Amino acid sequence: MKPLGVVAAALGLGLLVALGTWGAPVVAAPVRIGTNRWIGYEPLHAAAAEGKLPSHLQLVEYVSATQVLRAFENRDIDAAAVTLDEALSLSASTRDVALVAVLDVSHGGDAVIARPPRASLDQLAGARIAVEDTAVGHLMLRRALDRAHLSRDQVQVISLPVNDHVVKWDAGLDAVVTFEPIRSRLLALGGVEVFSSRDIPGEIVDVLVVRRSSLAARPTVRAELTRACFQARGWALSEPARFAGRAALRLKVTESEVSAQLEGVRLPTEEESQAQLRGALLETAKSTLSFVQGPGAPTEADARALFDQEGS
Amino acid sequence: MSGGSRLGTLRLSLVIPLTVMVSTLLGAALALALSARLSRESAFEEAEAALMNGLGRYQHILDAATRRRDEAFVEEIIASIGGDRRVIGAALVADGRVQASSQFAEVGRAVGSLGWSQAASAVVEQARSGVGPVVRRDDTALRTWGAIALTRDPDTPVAPAVLVIGFDVGPQWRALLHDARLAIAFFALLMLATAAAATLAFQRAIVRRTRPVLEAAKTFARGDLSARSGVTTDDEIGTMARFFDSMAEQLAQRHRATAEAEQRNRVLFEQASDPMFLHDAAGAFVDANPAALALVGYPLDELRRLGLPGLIAPEELKERPIRFDMLRERGAMNVTRTIASKSGERIPVEVNANVLSDGRIFTVARDLRPRLEADRLRAQAAANERLAVLGNLAAGVGHEINNPLTWMLDNLSRAAAELPEGPARALVNEAKAGAERIASIVADLRLFSREGDDEARPVVLETVVKTALNLVGPSVRERLTVRLEASGAPAVLAAERRLCEVLVNLVQNAAHAMPEGRPAASNELVITAAAKGTQQVALSVRDNGRGIPAEVLPRLFEPYFTTRPNGAGSGLGLALSKELLGRMGATIDVTSTFGQGATFTITFAAARPASEQALAAPPAGSGRRVLVVDDEPLVARVAVRMLRGDEVKVAAGPAEALELCRTAEFDVVLCDLSMPDGGGARLYAELSTLRPALATRIVFVTGGASTDEAAGFLARTRLPVLHKPYGRAELEAAIDAVVGKKPPA
Numbered sequence: 001m002k003p004l005g006v007v008a009a010a011l012g013l014g015l016l017v018a019l020g021t022w023g024a025p026v027v028a029a030p031v032r033i034g035t036n037r038w039i040g041y042e043p044l045h046a047a048a049a050e051g052k053l054p055s056h057l058q059l060v061e062y063v064s065a066t067q068v069l070r071a072f073e074n075r076d077i078d079a080a081a082v083t084l085d086e087a088l089s090l091s092a093s094t095r096d097v098a099l100v101a102v103l104d105v106s107h108g109g110d111a112v113i114a115r116p117p118r119a120s121l122d123q124l125a126g127a128r129i130a131v132e133d134t135a136v137g138h139l140m141l142r143r144a145l146d147r148a149h150l151s152r153d154q155v156q157v158i159s160l161p162v163n164d165h166v167v168k169w170d171a172g173l174d175a176v177v178t179f180e181p182i183r184s185r186l187l188a189l190g191g192v193e194v195f196s197s198r199d200i201p202g203e204i205v206d207v208l209v210v211r212r213s214s215l216a217a218r219p220t221v222r223a224e225l226t227r228a229c230f231q232a233r234g235w236a237l238s239e240p241a242r243f244a245g246r247a248a249l250r251l252k253v254t255e256s257e258v259s260a261q262l263e264g265v266r267l268p269t270e271e272e273s274q275a276q277l278r279g280a281l282l283e284t285a286k287s288t289l290s291f292v293q294g295p296g297a298p299t300e301a302d303a304r305a306l307f308d309q310e311g312s
Numbered sequence: 001m002s003g004g005s006r007l008g009t010l011r012l013s014l015v016i017p018l019t020v021m022v023s024t025l026l027g028a029a030l031a032l033a034l035s036a037r038l039s040r041e042s043a044f045e046e047a048e049a050a051l052m053n054g055l056g057r058y059q060h061i062l063d064a065a066t067r068r069r070d071e072a073f074v075e076e077i078i079a080s081i082g083g084d085r086r087v088i089g090a091a092l093v094a095d096g097r098v099q100a101s102s103q104f105a106e107v108g109r110a111v112g113s114l115g116w117s118q119a120a121s122a123v124v125e126q127a128r129s130g131v132g133p134v135v136r137r138d139d140t141a142l143r144t145w146g147a148i149a150l151t152r153d154p155d156t157p158v159a160p161a162v163l164v165i166g167f168d169v170g171p172q173w174r175a176l177l178h179d180a181r182l183a184i185a186f187f188a189l190l191m192l193a194t195a196a197a198a199t200l201a202f203q204r205a206i207v208r209r210t211r212p213v214l215e216a217a218k219t220f221a222r223g224d225l226s227a228r229s230g231v232t233t234d235d236e237i238g239t240m241a242r243f244f245d246s247m248a249e250q251l252a253q254r255h256r257a258t259a260e261a262e263q264r265n266r267v268l269f270e271q272a273s274d275p276m277f278l279h280d281a282a283g284a285f286v287d288a289n290p291a292a293l294a295l296v297g298y299p300l301d302e303l304r305r306l307g308l309p310g311l312i313a314p315e316e317l318k319e320r321p322i323r324f325d326m327l328r329e330r331g332a333m334n335v336t337r338t339i340a341s342k343s344g345e346r347i348p349v350e351v352n353a354n355v356l357s358d359g360r361i362f363t364v365a366r367d368l369r370p371r372l373e374a375d376r377l378r379a380q381a382a383a384n385e386r387l388a389v390l391g392n393l394a395a396g397v398g399h400e401i402n403n404p405l406t407w408m409l410d411n412l413s414r415a416a417a418e419l420p421e422g423p424a425r426a427l428v429n430e431a432k433a434g435a436e437r438i439a440s441i442v443a444d445l446r447l448f449s450r451e452g453d454d455e456a457r458p459v460v461l462e463t464v465v466k467t468a469l470n471l472v473g474p475s476v477r478e479r480l481t482v483r484l485e486a487s488g489a490p491a492v493l494a495a496e497r498r499l500c501e502v503l504v505n506l507v508q509n510a511a512h513a514m515p516e517g518r519p520a521a522s523n524e525l526v527i528t529a530a531a532k533g534t535q536q537v538a539l540s541v542r543d544n545g546r547g548i549p550a551e552v553l554p555r556l557f558e559p560y561f562t563t564r565p566n567g568a569g570s571g572l573g574l575a576l577s578k579e580l581l582g583r584m585g586a587t588i589d590v591t592s593t594f595g596q597g598a599t600f601t602i603t604f605a606a607a608r609p610a611s612e613q614a615l616a617a618p619p620a621g622s623g624r625r626v627l628v629v630d631d632e633p634l635v636a637r638v639a640v641r642m643l644r645g646d647e648v649k650v651a652a653g654p655a656e657a658l659e660l661c662r663t664a665e666f667d668v669v670l671c672d673l674s675m676p677d678g679g680g681a682r683l684y685a686e687l688s689t690l691r692p693a694l695a696t697r698i699v700f701v702t703g704g705a706s707t708d709e710a711a712g713f714l715a716r717t718r719l720p721v722l723h724k725p726y727g728r729a730e731l732e733a734a735i736d737a738v739v740g741k742k743p744p745a
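From first to last, the protein sequence lines are chains H and B.
For the first sequence, my numbering assigns the number 1 to the initial residue and increments by one for each residue that follows.
For the second sequence, my numbering assigns the number 1 to the initial residue and increments by one for each residue that follows.
A portion of the hints provided could be inaccurate.
Stated by the list, open to error - Here are the computed distance ranges between Cβ atoms for each label pair:
1. H:R304 x B:R137: 43 to 53 Å
2. H:T299 x B:D153: 45 to 55 Å
3. B:E45 x H:D133: 39 to 49 Å
4. B:L190 x H:R242: 30 to 40 Å
No lab work stands behind these hints: they were computed from the structure.
All values derive from a computational prediction rather than experimental measurement.
Think of the CB as a built atom: it goes at the ideal place given N, C-alpha and C, for glycine as much as any other residue.
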């Protein structure tokens, strides 16, 4: 009687295991990549709209960088396209973040737009300047004031999220520290660009970060993300008209304006990106640290942790 | 139980876990089948609840934002809605165009151009009427769509915007399904494990607790009736065990009782003095006890081959066949049968046959011979008793008669001799004949007295034969012409009284053997006695009657064998004769030619070897030195006269005789037993010391031993006895018997 019992038990267990595993989701949860509207990130969106991204890489659109950071911290997203200083902040707040790629280097995309009658740097003295309370915003402001030989005390700095820049343009502002596509829209509203990131090349960098815990759960994510980014860049540069059409829809600008905005950034190759991640960018990051103020501000240790490729 | 794995004999211990396992698996399969539907429904419900909740919440926020015309905030809200993992997309639609969307590319475009799903378009259309939140499922795509109209601004005539949110139910459904299936699998496994553990525990408990009962039952079945489980628990097993133990005890007791009864019966059967047989309905023997085998003389195997009919005497079987049918009908029978033993002996038995329940027949066959013998002996003892009474009387009277008779006869003899031939002498002779007749009668009566015993002592055959002839009675004597040729035969060692009985029997048999109607003169009976060699004396009784058939001759001396008609004879006569003679050292044989009579020959040991008698015995009157001791002078004188020619001295009593013995030598002492002053016994005792050799050469003379003491004395001494009145020949024979005896060393 023993063999029959053993066979029956084995069959029963086998059947149970089969039943238990059937229907369990074998498709892994999608990797959600949060972005805000920025010409440097558009190749990803355009590629996604063209169906050129792997289906498990899901782009989530936010209105502002603040929203993206909050979503990342709230774990609504797994990866995020952010400025370098934002990446440092995330490293300080969560340490659960790693660099994947350099997406773009601002080369005119960030700008200080003056409202006429002010039309040059030296006219900014005493001006009310709106700036998003980010490191990039403060970096741009500092560099512009330095160029104009003005101190911070000589201007009135107003903290204003970037999505309010257009709305509050007519509400008594003399200048706005902003970036594309707001820059283009403000220029269209009669604004005058008095300073841009083209004046400080290589200082404003956008990167793609990923949650380290996501990497641990799915080690191939970093490579998948990297490949997706640079395939999207390649496609965008190879088919600029099609890219412009896609980006114009999202950015609410014309195709020619898309091309103009694209002028304001440099999209590095994968090799350039890797070279940056291996060293040069860390120095940039360290110099950025001084522009991130307040309690919980990132330190050099946070910067090193962000760049620590081994820890991922 | 090697067949335990066969389906037909599945053990309970396998059926229970298999049942649990199969039902668990079936239950799990059913639960899994249901879980897909249930979890899908559940996922939809959850999504819809979240959707309704979200719609209501964002309606208020968006109402405020649109009232402020804060488009940037509206955009941000829509984007943040889209950031929710569950949300496929969110949009604010007004006048058929997308005002804000989590898909920035959609903003500003006409809804119709966006390729939204039917459900999405439908909810937007439905919500526009302002009825509150609207939800619709897209079952195939696992999505649900919800929409709500923002509050109409009273200042603007345009229709209010509609917030539409799409939820992806798939992930939630998969998550729920996964959890449900994990839970089902877990519980099924748990149940299986529990069932297995419970079954195992139950099985172990059952096995452990039933093992003593099983072991006891096995041992019991092997024949060890002392096997008990010894389980005394209060549960079902205990009850079963107690029932088993009680049953085993009863069986064991019954078995013991049966075995004891069987053994008792066997012992009874084996040890019984009554012969017992067991045979089947047809008479084939199955068993017989030792007593039975001893009775019939056959070993058991031979008896089995023989069968019952072979055991019954053929002559009887012919007349009375065995009635098995009657026995079966009645169940038991009591009959008398004659068995033919292996040696051919016919044994009368009383048969008690019983039919047993299995149809076999159990028979007890009682040997009737001892009973018949006892009957005969009882009858004989009664007769003897009667004769003894008569004999004692006669002995008493005889003693008184014999003494005067002794000298009367002597005197009459002498008177007759001295009287001249004439009437006077004739008268004296007649008187003498009368006296002799008296003496004869008294002597014969003496035989029946208690005098003497069965001890063999020197006996003169002629005397005994005459006594026997007297005793057979006139009816027998008258049928025979008897010729006696025994004078001169040497004395023999015999018990006189028993020998007399034997001879009476032989004479009577001879009379019966004579053909009917033949004159007495022709019926000859010749009795002769003569020495046979030097050691023996033969007495033959020859008749010329019908003779004995040859086939009867070998069995003639068997008890109960008789050729006479039933009832005419006991069949014991010759057997008893042979027995009696055997006791006194004599043998009896028969020869016969059928139709020409029969001759019975009795061979005795001679009282004294014939050669010695011839050598040592001096002829009568040849100068033997004889001492006659008698207190009756007349009797003594008769002896002296008879011993004329011998050297005779007379003593009047023991004292005088002893005196003479001291001074003179004697060859023989003729001594009266009954005398004053101690009598013959005293003389014998004192002579035994004084002259031991002479003490063995005493002939006692008695007028009839009146006391048991005297009889016992005579028996001890084993010396010859002369009965008064005695004749010359008897005196000579008695003296012959002792003279020449060697004195004891």
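(request) Just pull the numbers of the violated hints for me, sorted ascending. (result) Hint 4 is the one this structure does not satisfy, whereas the remaining hints hold.
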